[in-house]
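Asker: Sequence:
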Amino acid sequence: MSEPKGLQKTALAVTRWVGSPASIVTHTILFVLSFLTVFFGWLSFDRMLLVLTTIVSLEAIYLSLFIQMTINFNTETIVEVGKDIDEIQEDIDEMQEDVEEIQEDVDELQEDVEDISEDVEEMTEDEKEEERRETTLAQIQRDLHKLSQDIEKLQSR
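Per my numbering, the sequence shown starts with residue -5, numbered consecutively.
Hints are computed from structural coordinates only; laboratory data are not their basis. No residue lacks a Cβ here, since even glycine has one placed at the ideal position from N, Cα and C. Relax, there's no trap hidden among the hints.
Derived Cβ-Cβ restraints for the label pairs, each shown as a range:
| no. | residue 1 | residue 2 | range |
| --- | --- | --- | --- |
| 1 | L148 | E123 | 30 to 38 Å |
| 2 | I72 | E108 | 51 to 59 Å |
| 3 | D101 | L141 | 54 to 62 Å |
| 4 | L30 | L6 | 31 to 39 Å |
In silico lysine to any residue, SDA-like type, Cα no more than 25 Å apart, as pairs:
| no. | residue 1 | residue 2 |
| --- | --- | --- |
| 5 | K(-1) | E74 |
| 6 | K77 | E(-3) |
| 7 | K77 | M89 |
| 8 | K3 | G76 |
All chains, please: the whole structure from these sequences, using the hints.
Answerer: Given below as structure tokens:
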């Protein structure tokens, strides 16, 4: 956002002050003083109204100019903020695409983990089968050895 410069700063300060309680108090005091000048006879009523009306009219003209400058500045600021929001939205969209790609990678990794788990299960089953074969083979060898001994005993008789 651009910073206000020169007259813009003045316009912002004036419109900020005019919208404050201090402005209400100041204007009220000035109006009371204007009428007191008539009451004490320092000015005639017509002259006081002429001066007061002129001052109030000039103040209204300048205030409307300052207010319009403030509106213009705020409008420029809003446009800049809108551009920033658009850029942020683009960044968010890019981040969303990145998140989707990461999710796809995670899904692929999950599939790989499942495949590896299945392979481990198959290997475990194969190992169990191999162990059963070895146990059976050992049993057969024992039985064969015993049979050989029995045959030898029978032959020696």
